[in-house]
Each structure stands twice: as structure tokens, then as C-alpha cells.
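Which chain is which? The protein sequence lines are H and S, in order. Residue numbers for the first sequence follow our numbering, beginning at 1 and rising by one. Residue numbers for the second sequence follow our numbering, beginning at 1 and rising by one.
Just so you know, the hints here were simulated from the structure itself, not pulled from any lab data. A few of these clues could be false.
[Unchecked claim] To be clear about the criterion: a stretch of chain H counts as covered by chain S if any three or more of its residues have a C-beta under 8 Å from a C-beta of chain S, and this derived list gives those stretches: (1) 246-260; (2) 275-281.
[To be verified] Which chain S residues stay away from chain H? Per the calculated CB distances, all over 10 Å, these: (3) 45; (4) 71; (5) 153; (6) 193; (7) 194; (8) 210; (9) 239; (10) 280; (11) 354; (12) 396.
[What the hints assert, rightly or not] Derived lysine-lysine pairs resembling DSS-like cross-links, with alpha carbons at most 30 Å apart: (13) H:188 to S:43; (14) H:43 to S:372; (15) S:29 to H:193; (16) H:78 to S:188; (17) H:12 to S:193; (18) H:3 to S:201; (19) H:333 to S:333; (20) S:43 to H:3; (21) H:133 to S:43; (22) S:337 to H:193; (23) H:244 to H:216.
Glycine residues also receive a C-beta, built at the ideal position from the N, C-alpha and C atoms.
2 protein chains.
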Amino acid sequence: MAKYARIASTGKPKVVIIGGGFAGLELVKSLRNAEVQVILIDKQNYHTFQPLMYQVATSGIEADSIVHPFRKVFESQKNFYFRMAEVQCIDTQQRLVETSIGLIRYDYLVIATGATTNYFGDAQMEKNAIAMKSIDDAISLRNTILDNFERALQLDDEEQLNSLMDYVIVGGGATGVELAGALTELRKHVFPKDYPELDFKSMDIHLIQSGGELLKGMSPEASKKSLQFLEEMGVKIWLNRRVKSYDGYTVTLDNGETLITRTLIWAAGVTGNPVKGLRPESILKGNRLKVDVYNRVEGYDNIFAIGDVAAMITPENPQGHPMLAQPAIQQGKLLGKNLVNLHHGKPLTPFVYKDQGAMATIGRNKAVADLKLFKKDIRSQGFFAWLIWMFIHLISIVGFRNRLVVMTNWFWNYFTYDSGNRLIVGKKQENIPITETITHKTVI
Amino acid sequence: MAKYARIASTGKPKVVIIGGGFAGLELVKSLRNAEVQVILIDKQNYHTFQPLMYQVATSGIEADSIVHPFRKVFESQKNFYFRMAEVQCIDTQQRLVETSIGLIRYDYLVIATGATTNYFGDAQMEKNAIAMKSIDDAISLRNTILDNFERALQLDDEEQLNSLMDYVIVGGGATGVELAGALTELRKHVFPKDYPELDFKSMDIHLIQSGGELLKGMSPEASKKSLQFLEEMGVKIWLNRRVKSYDGYTVTLDNGETLITRTLIWAAGVTGNPVKGLRPESILKGNRLKVDVYNRVEGYDNIFAIGDVAAMITPENPQGHPMLAQPAIQQGKLLGKNLVNLHHGKPLTPFVYKDQGAMATIGRNKAVADLKLFKKDIRSQGFFAWLIWMFIHLISIVGFRNRLVVMTNWFWNYFTYDSGNRLIVGKKQENIPITETITHKTVI
Chain H
1 MAKYARIAST GKPKVVIIGG GFAGLELVKS LRNAEVQVIL IDKQNYHTFQ PLMYQVATSG
61 IEADSIVHPF RKVFESQKNF YFRMAEVQCI DTQQRLVETS IGLIRYDYLV IATGATTNYF
121 GDAQMEKNAI AMKSIDDAIS LRNTILDNFE RALQLDDEEQ LNSLMDYVIV GGGATGVELA
181 GALTELRKHV FPKDYPELDF KSMDIHLIQS GGELLKGMSP EASKKSLQFL EEMGVKIWLN
241 RRVKSYDGYT VTLDNGETLI TRTLIWAAGV TGNPVKGLRP ESILKGNRLK VDVYNRVEGY
301 DNIFAIGDVA AMITPENPQG HPMLAQPAIQ QGKLLGKNLV NLHHGKPLTP FVYKDQGAMA
361 TIGRNKAVAD LKLFKKDIRS QGFFAWLIWM FIHLISIVGF RNRLVVMTNW FWNYFTYDSG
421 NRLIVGKKQE NIPITETITH KTVI
Chain S
1 MAKYARIAST GKPKVVIIGG GFAGLELVKS LRNAEVQVIL IDKQNYHTFQ PLMYQVATSG
61 IEADSIVHPF RKVFESQKNF YFRMAEVQCI DTQQRLVETS IGLIRYDYLV IATGATTNYF
121 GDAQMEKNAI AMKSIDDAIS LRNTILDNFE RALQLDDEEQ LNSLMDYVIV GGGATGVELA
181 GALTELRKHV FPKDYPELDF KSMDIHLIQS GGELLKGMSP EASKKSLQFL EEMGVKIWLN
241 RRVKSYDGYT VTLDNGETLI TRTLIWAAGV TGNPVKGLRP ESILKGNRLK VDVYNRVEGY
301 DNIFAIGDVA AMITPENPQG HPMLAQPAIQ QGKLLGKNLV NLHHGKPLTP FVYKDQGAMA
361 TIGRNKAVAD LKLFKKDIRS QGFFAWLIWM FIHLISIVGF RNRLVVMTNW FWNYFTYDSG
421 NRLIVGKKQE NIPITETITH KTVI
């Protein structure tokens with residue numbers, strides 16, 4: 001017989017939220033004064049500020065400064081209950097969530113499980129590539145990069161050396177562009193000082209994009225300028241190319257060309273990450289849940305989905321809203337109000353997405369920003385965009401302490417041309433061992 | 001046939017240093033202008049500032065801020081070469097170090113491998129206890145503590161609850177005392193806010209010390225006052241008690257009494273960590289290497305040992321110097337000069353330990369310090385000692401950026417009564433699963 005998880009009932013309606021990303025976090029906040037019991041379930045005990053994950057991966061900031069424990073964020077919110085657990089399935093008949101710590105009953109269920117890396121069914125790619133969807137991924141990438149150079153010191157075979165020193169990034173969206181830029185900065189300012197024995201002229205950074213432009217979804221100016229910035233910084237950009245296969249060593253492109261690398265970063269797509277137990281008709285292409293304008297999952301009265309996992313099909317957004325922080329935050333905020341209204345039988349407010357623009361940083365003093373201020377489009381590329389990017393990200397990080405630490409790091413890195421966190425702590429990717437055929441010449 | 005590791009020879013005598021703790025780090029610095037090739041081997045790519053590890057374990061500071069990559073520390077030192085490798089053995093005949101990346105030739109070898117946790121042969125203890133000798137240990141302890149509370153939420157059986165909420169620290173030296181103090185502060189200021197559903201009145205922190213006093217080796221005032229401070233803070237101190245066994249759940253003391261805990265922290269002793277391949281006669285009790293007053297390992301011309309792994313038996317120090325940072329730093333500094341003199345056939349300077357005192361922090365505004373200033377003994381307990389402790393530790397951390405980050409954290413923690421890094425990122429100890437006999441009552 002299944003057990004119940006132990007959560008003291010407050011007698012109030014139970015709003016169970018699965019996932020504490022941007023959407024879930026905002027929903028909890030929005031329910032602060034509501035007469036409900038808010039139960040947040042997440043497999044981690046912290047919220048991750050995903051937009052800065054690429055900086056953790058490239059030794060720019062501490063992992064700890066972009067994650068924030070839920071219990072601390074909501075310390076003073078009396079109706080908040082947190083449970084660290086994996087969700088296995090939901091039982092919509094019995095209104096139960098089956099988790100690793102037992103069953104959790106809900107009156108209203110909100111699915112805010114976000115998105116996961118989409119390998120488009122390529123199991124070999126999934127095995128060999130590094131993704132960028134979690135703090136563990138970011139730390140693993142950082143460790144792998146540093147470890148590669150330590151290992152490269154032992155090689156003189158050119159191809160083997162390149163396999164450790166070259167990087168292939170697949171996907172020209174914000175993550176791919178930002179990673180490529182950050183790696184280039186490290187190649188220029190940091191690595192040659194750390195590894196004077198290696199020749200960084202031979203370190204190649206490839207960025208592969210299936211379409212004809214980078215930062216698809218942003219303005220043509222942003223796409224063009226980001227391409228120009230990256231090319232000036234020496235990134236090898238492959239437009240209109242797809243990766244056909246990657247065995248952990250050889251990357252084969254769709255036109256038959258090959259690249260050699262032991263480190264391929266997969267930033268080429270995400271797919272919704274819905275929970276099990278929902279009727280299949282509600283799951284659209286891309287694994288997102290079909291929701292109405294109130295974020296209610298089609299076919300259910302009391303089940304909602306917000307953020308990346310939700311697809312609200314409207315004439316303006318025939319594919320649903322972009323899978324970004326802003327729609328998630330706005331949906332979370334509104335749903336909090338709507339849940340209270342729903343419970344009191346009051347009319348609900350339909351969701352209208354307020355597009356505030358998008359931005360991406362490319363390197364030192366270089367970013368691209370498409371902003372919407374007072375209903376005007378402001379497009380900026382270069383230093384001003386970079387300042388805006390820093391400002392917006394800094395104020396968006398949860399927790400004053402984290403902001404302080406990130407700011408300290410940024411100032412430090414900027415003025416010293418140095419990034420401090422070049423540590424191999426924790427796991428790294430086990431890439432293919434160096435083959436024994438390599439000549440270890442006696443040079444000592 | 002064994003291969004050689006690839007390190008371009010500079011034609012200068014090769015000083016190979018195994019281990020980058022306090023002693024090794026100081027030796028590298030001391031050789032900055034020497035006409036030698038300095039080769040540091042360490043299995044990590046960073047130096048760890050061990051005295052603050054307990055603060056990482058208790059969520060006070062980021063792990064990243066007390067570790068510093070060797071390559072960055074010695075970025076501008078031209079004669080410095082670093083290799084990340086595990087040392088397997090040394091061949092004193094051929095003057096070779098056998099490592100995971102191949103053979104490394106030396107002209108002078110310095111063993112600075114420090115100490116490792118001493119379980120006194122108790123394999124069961126080694127398996128079930130958490131040690132505090134590395135950053136991985138500290139992170140693992142932090143994760144375990146936080147995870148324990150998450151799991152405790154699911155229990156109502158009193159013994160099972162206690163097994164997760166109670167902590168047993170074995171060893172009343174600086175590590176044990178500092179950890180006990182920090183845990184008590186968390187119990188008072190932080191955990192009750194994070195876990196309002198748990199009753200922290202029932203959280204016990206036990207400190208077990210085999211002798212009759214805490215902080216053995218410090219002044220009687222320091223020992224007495226630290227005991228008083230900890231007792232006032234509610235730590236349960238067991239003097240003159242030893243742990244007979246620990247199966248991961250039940251701690252049995254030498255008088256037959258038992259304590260229940262799933263988290264036992266073993267800070268009861270360390271033992272030298274010498275490399276393989278040395279003649280057994282040079283290895284003393286406690287696994288330390290017998291060295292003369294120049295830190296030369298007995299029986300060898302060109303092999304030295306410094307820091308915790310070295311035992312320099314003198315009339316003043318019949319057991320060798322205390323296994324602390326200060327002797328290690330001083331020996332590293334002097335050996336740098338002596339190696340240069342040795343190579344030039346000049347006379348060597350014998351090592352004389354300058355005892356600068358010792359200190360330990362117990363809690364907020366509470367520390368004990370025995371200082372030696374201008375040959376005078378200054379003993380302080382309380383607020384003033386605490387200020388000195390902070391000042392000395394802050395200026396001792398390697399790297400200005402790290403100092404900034406640690407200081408930011410300390411100020412933050414002090415004024416907010418909060419410690420920010422309550423994250424479960426990375427591995428945790430797999431303690432014994434909660435048994436199925438526990439009643440999971442339906443309370444929701």
C-alpha cells in the first residue's frame with residue numbers, strides 16, 4: 001500500500017507546484033498572502049539562475065552564487081512548504097502526486113517542470129556530449145575543460161592535442177553564443193598564462209548553427225552583430241550546418257566534413273519535460289503541455305502548467321511562447337492571482353505576454369540587446385548593451401548576498417583580465433581515454 | 001616499458017615537490033628566484049586553505065573561496081611547472097617519481113604529502129564516518145547535514161528522527177571544536193527558520209574527546225574556556241571517552257553507553273601520508289618521515305620532507321613538530337633557501353621552529369587564542385580573540401579575490417545571522433537507508 005508523504009495539513013486548499021525554476025518560484029511568491037497551503041516539490045533544494053550558468057562553466061563565477069536554497073528564499077512565507085523529492089507520476093483521479101518520499105495530495109496542481117535537453121533521439125550524442133541544463137552540467141564542463149589542458153600537456157601528437165584543446169559548440173542560440181564568447185576570452189586572457197607550455201594559437205572554438213543566423217528570435221541587427229563579434233574574436237562559425245554524428249572524438253557534419261574534439265557542448269535544443277500520468281492528448285509536439293489562456297492544462301479543471309513546459313497556442317504565438325525566463329515569470333505571477341480567484345469563484349484574467357526583449361552577452365564590453373521600453377523597440381549592440389546586460393542580470397539574481405558575490409567576481413574578472421574559479425572540484429565528463437598509440441617521447 | 005611524463009627540461013636542476021599544501025606552496029614561493037626547475041605534483045589542481053574547511057561544511061562560505069589553483073598562484077613564476085597527477089611510488093636509485101602520467105625525474109625530491117585521517121585501523125569506522133581532510137569531505141558533510149533534515153521531515157519515530165538530527169563529533173581538537181561550535185550556531189539561528197516543521201530542541205550535538213580536556217596542546221585557559229563556551233552553547237561534551245564502534249547508526253562508547261546518529265564526524269587524529277618506495281627505517285610511528293634539522297629524510301642525500309609528513313625529532317620536540325600550518329610554512333620557506341645553498345655547496349641553516357601560537361574559533365564573538373608576540377605569551381578568550389582569529393585567517397587566505405569573497409560572506413553571516421550556502425550540490429554520504437519498519441502515518 002502506498003504511503004503518504006508527511007506534510008502537516010493546514011486545512012487550507014493545497015496548491016502543489018512541481019518544479020522551482022523561474023515559473024514555480026514566481027508562483028510561490030505570488031501566493032504569499034493567499035489562504036492556501038503552498039507545497040513546492042523539487043529534486044534539488046535550490047533554485048538555479050540559469051542565465052549565468054555559462055559563467056560557472058567558464059570559471060567566471062562560483063556555482064554557489066547563482067543558486068539559492070528554496071527554504072531560504074521563502075523563509076518568511078508562512079504558507080510555504082518545501083519537499084525535496086523526485087516526482088514519479090500523477091494520479092489525476094485521486095488528485096495525488098506520487099513521489100520518492102510518498103504520495104502528496106493536491107487540490108490544485110501546477111506543473112512547472114521546465115524543459116530538458118533535446119538530443120532529437122540521438123543516443124550516441126546524449127552519451128558523448130555535455131549539456132548545459134543544470135549546475136551539475138556547468139561544473140562538469142568547467143572541470144572537463146581544465147582537465148583537458150592538464151592532459152594535453154602530456155601529448156605531442158597534433159591530432160590528439162587538437163582533440164583535447166578544440167571545442168565544438170552545437171547551437172547558435174544564447175547559450176551557444178555566450179559559451180563561445182566566454183571560451184574565446186579565456187583563450188585570449190587566461191589559459192596562456194595558466195598553461196605557458198601549450199600553444200593556444202592551435203585552440204579552435206567551433207560554433208555550429210543549423211540555420212542561417214545566430215540568436216534566432218532576436219532582431220536581425222543582434223544576429224548580425226553577434227556573428228561579427230564572434231568572428232572578430234576568432235570563433236569558427238558554421239552556419240547552415242548540422243551535426244550528423246559524434247562518437248566522442250569525431251564530429252561528422254551533414255555535408256560530410258569532420259571536426260575532431262573530445263568536448264562537444266550540446267546547446268541545440270530543448271524539449272518540454274512533462275510529468276507522467278497526464279492524458280496524451282494534452283501533450284503537444286515538443287513535449288509541452290497544451291494550456292488555455294489561464295495556463296490550465298487542456299482536459300483538466302485543477303491542473304495548470306507554466307513556463308517552458310506550457311504551450312499556450314494563440315494567434316500571436318502559434319508555437320506557444322518562447323521558452324525563456326520572461327514568459328515563465330509572467331505566467332507564474334498571474335497564475336497566483338488566478339488560483340485565488342478560481343477558489344473564490346471569481347473570474348480569471350487571461351494571460352497576455354509582455355515581451356520585454358532579449359539579450360545575450362558575447363564578451364568583454366560586447367553584448368546585443370533588443371529591449372522594449374515604453375512600447376518602443378530599443379536595439380543596442382556593443383558596450384551599452386553589455387552594461388544593460390550586466391545590470392539586468394545582477395538585479396535578477398535571487399538574494400542580496402549572491403548579488404554581492406557575483407558583482408565582486410565580475411569587477412575582479414574585468415579589471416584583472418582573470419577569472420578566479422579555475423578549479424577541478426567534483427565530477428568531470430569521462431571522455432574517451434587517450435589511445436596507447438600516442439608516442440610519449442622522453443623529453444625530460 | 002615505463003614512459004616519461006612530458007615536461008620540457010630547462011637544463012636546470014629539477015626540484016620535484018610532491019604535494020601543494022602549506023609546506024609545498026611555501027617552498028615553491030621560496031624558490032621563486034632560484035636557478036632550478038620547480039616541478040609541483042598534486043592530485044588536485046588547487047591549494048586548499050584547510051583552516052576554513054569547517055566553514056564550508058557548515059554552509060558558511062563557498063568551497064571555491066578557500067581553494068586556489070596552483071597555476072594561478074604561480075602564474076608569474078617562470079621556473080614553476082605544475083603537473084596534476086597521482087604519485088604511485090618513488091625510485092630513489094634512478095631518481096624517478098612514478099606517477100599516473102608517467103615517470104618524472106628529479107635531482108632533489110621534496111615530500112610534502114601532509115597527513116591523512118587516522119582511523120586507527122577501524123575499517124568499519126572508515127566506512128561509516130565522515131572525515132574532514134579535503135574539500136570533497138567538507139562539501140559531502142554540508143550536503144549530508146542538509147539532506148538529513150529533508151529526510152527527517154518524513155519521520156515521526158523518535159529514535160529515527162534523532163538518528164538524522166543528532167550529530168556526533170569525535171575528537172576535541174581544533175576541527176572538532178570549531179565544527180561543534182558552528183553546528184550549534186546553525187541550530188540556533190538558521191535551521192529553525194529553514195525547517196519550521198522540525199523541533200530543533202531535540203537536535204543534539206555530541207563532542208567526544210578521549211582526553212580530559214579540549215584543544216590539547218593549547219594553554220589551560222584556552223582548553224577550559226573552549227569547554228565552557230561550548231557547554232553554554234549546548235554542546236554535549238564527553239571527556240575521557242573513546243568510541244569503541246560505529247555501525248553507521250549506533251555509536252558505542254568505551255564505557256558501554258550508546259548514542260544514535262547517522263552522521264558521525266571523525267576528527268580524532270591524523271597520520272602521516274608518505275609516498276611508497278622509501279626505506280622502512282625512515283618511517284617513524286605515525287607514518288611520518290624521520291628528517292634531520294635540514295628536513296632531509298634520514299638515509300638520503302637529496303630527498304627531503306616538510307610539513308605534517310616530516311618528523312624532526314629534537315629535544316624540544318620529541319614527537320616532532322605539531323602537525324599544523326605554521327611548522328609547515330616555516331619549513332617550506334627555509335628549505336627553499338637550503339636547497340639553493342646545498343646546490344652551491346654552501347652550508348645549510350638548521351630549522352628552528354618559531355611557535356607563533358594557536359587559536360580556535362568557537363562561535364559568534366567567541367574564540368580562544370594563545371599568541372606569542374615579541375616573545376611574550378598573550379592569551380585571550382572571547383571577543384578579542386575572535387577578532388584576531390578573523391583577521392589572521394583573512395590575511396592568510398591565498399588570493400585577494402578569495403579574501404574579498406570570504407569577507408563578504410562573513411559580514412553577511414554576522415549581521416544577518418544567516419549563512420547562505422545551504423545547498424545540496426554534489427555528492428553526499430550514503431548513510432544507512434531509513435528502515436521500512438518506520439510508520440509513515442497519513443497526516444496529509
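Verification of the supplied hints:
Counting residues of the stretch 246-260 of chain H whose beta carbon lies closer than 8 Å to any beta carbon of chain S gives 0, which falls below the threshold of three, so the coverage claim is violated. Figure legend: the stretch 275-281 of chain H, annotated as covered by chain S; annotation inconsistent (0 residues with Cβ-Cβ distances under 8 Å, at least 3 required). The beta carbon of residue 45 (chain S) sits about 5 Å from the closest Cβ of chain H, which is not more than 10 Å, so the claim that it is off the interface is violated. At roughly 4 Å from the closest C-beta of chain H, the C-beta of residue 71 (chain S) falls inside 10 Å, breaking its exclusion from the interface.
The beta carbon of residue 153 (chain S) is not kept farther than 10 Å from every beta carbon of chain H, the shortest such distance being approximately 6 Å. At roughly 5 Å from the closest C-beta of chain H, the C-beta of residue 193 (chain S) falls inside 10 Å, breaking its exclusion from the interface. Some Cβ of chain H comes within 10 Å of the Cβ of residue 194 (chain S); the nearest lies about 4 Å off, and the non-interface call is violated. With a minimum CB-CB distance of about 33 Å to chain H, residue 210 (chain S) clears the 10 Å threshold, and the non-interface call stands.
Distance check on residue 239 (chain S): its Cβ is at least 36 Å (rounded) from any Cβ of chain H, clearing the 10 Å threshold; non-interface status holds. Every CB of chain H lies more than 10 Å from the CB of residue 280 (chain S), the least distance being 29 Å, so the non-interface label holds. The beta carbon of residue 354 (chain S) is kept farther than 10 Å from every beta carbon of chain H, the shortest such distance being approximately 32 Å. Residue placement check: residue 396 (chain S) keeps its beta carbon more than 10 Å from all beta carbons of chain H (closest about 17 Å).
With a C-alpha separation of about 27 Å, the suggested pairing of residue 188 (chain H) with residue 43 (chain S) holds against the 30 Å cut-off. Under the criterion of a C-alpha separation no larger than 30 Å, the hint pairing residue 43 (chain H) with residue 372 (chain S) is inconsistent with the structure, at around 51 Å. Distance check on the hinted pair: residue 29 (chain S) and residue 193 (chain H) sit about 17 Å apart at the alpha-carbon level, within 30 Å; holds. For the suggested pair residue 78 (chain H) and residue 188 (chain S), the alpha carbons sit about 19 Å apart, so the restraint of at most 30 Å is met.
Our distance criterion of 30 Å between C-alpha atoms is met by residue 12 (chain H) and residue 193 (chain S), whose separation comes to about 22 Å. Using a Cα cut-off of 30 Å, the hinted pair residue 3 (chain H) and residue 201 (chain S) holds, with the two alpha carbons roughly 28 Å apart. For a cut-off of 30 Å, the pair hint linking residue 333 (chain H) to residue 333 (chain S) is broken: about 60 Å separates their Cα positions. Annotation: proposed proximity of residue 43 (chain S) to residue 3 (chain H) is violated, straight-line Cα distance about 46 Å (limit 30 Å).
The straight-line distance between the Cα atoms of residue 133 (chain H) and residue 43 (chain S) is roughly 29 Å, inside the 30 Å bound, and the hint therefore holds. Restraint check for residue 337 (chain S) and residue 193 (chain H): the C-alpha separation of about 27 Å stays at or below 30 Å, so the hint holds. Of the supplied pair hints, the one linking residue 244 (chain H) and residue 216 (chain H) holds, its CA atoms being roughly 21 Å apart against a limit of 30 Å.
Of the numbered hints stated above, those contradicted by the structure are hints 1, 2, 3, 4, 5, 6, 7, 14, 19 and 20, listed in ascending order.
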